[in-house]
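Chemist: Sequence:
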Amino acid sequence: MRQSRQPIIALIAAMATALAAALACAVALLAAVPASAHDAAASTAPANGSTVSSVPDKVSVTFSNNPLALGSQFIINDSSGTNWAEGPVEIVDNVASQKLKEGAPAGQFTVAWRVVSSDSHPIEGTFSFAAGSGATTSGAVTTPGTAGATGAPTAVATLGTAQPGAGTPAGPTAGTTGQTASDASEPFPWSIVVFALVALGLLTFLGVTARRRLAAGADEKGDDVVEE
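Mapping to the working numbering: the sequence shown position 167 is 418, numbers consecutive.
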């Protein structure tokens, strides 16, 4: 009887060892995920806080890696809160660009952007610039930190927290209340799903192996009884 139990005990010990190793690998994997850095904005055009001679045809953000062409969004608000972004976001390599509508006025602009980084994590931020085209608009052209920046659009903050060094977002407006911070939720933890599937497959394999060994032991015991 003791000899028949020894293989079962050894199998249980092997199962426990395998599960412990799998759990250790999963913990190491999950611990490494937060340590990996997401893509970040390297520069903007126009530069954050700059003053340009006229309103540009488009604005752009250059990233440290190539963002995904999915879920990208730009909001380009003037000092009155009017969004001058036109058309879809264009992504070429690691640069995301957004065209402006014709007729944008001179003055202070705040750009809020959101893209999906190469690791499928949404990142977002803001930057600002001023544009002017003569004496008639000189009162509206200000450098960052002056009174002209107080008209920064309130829709910017709906895109979430800005990247370090980016412009400061403001509160939501009625036109963009649907753009809540929940849109930038964390990506689904697929690593946990993969680990669960691997663990399930391992348990299934060990269970089938245990049944076969038990069945083989029972057959051998039956043969011994018949021979006696």
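Keep in mind that the hints are not guaranteed to be accurate.
[Claimed, not checked] Simulated restraints, written as ranges between beta carbons of each label pair: (1) A450 with G322: 27 to 33 Å; (2) D344 with S304: 23 to 29 Å; (3) A447 with N317: 28 to 34 Å.
Keep in mind the hints are simulated off the structure, nothing from the lab.
Built from N, CA and C at the ideal position, the CB exists for glycine as well.
Chemist: Each hint should be assessed against the structure and marked as holding or not.
Modeler: For each hint, the structure was consulted:
| no. | hint | in the structure |
| --- | --- | --- |
| 1 | A450 with G322: 27 to 33 Å | 32 Å, holds |
| 2 | D344 with S304: 23 to 29 Å | 28 Å, holds |
| 3 | A447 with N317: 28 to 34 Å | 31 Å, holds |
Hint check: no violations occur; every hint is consistent with the structure.
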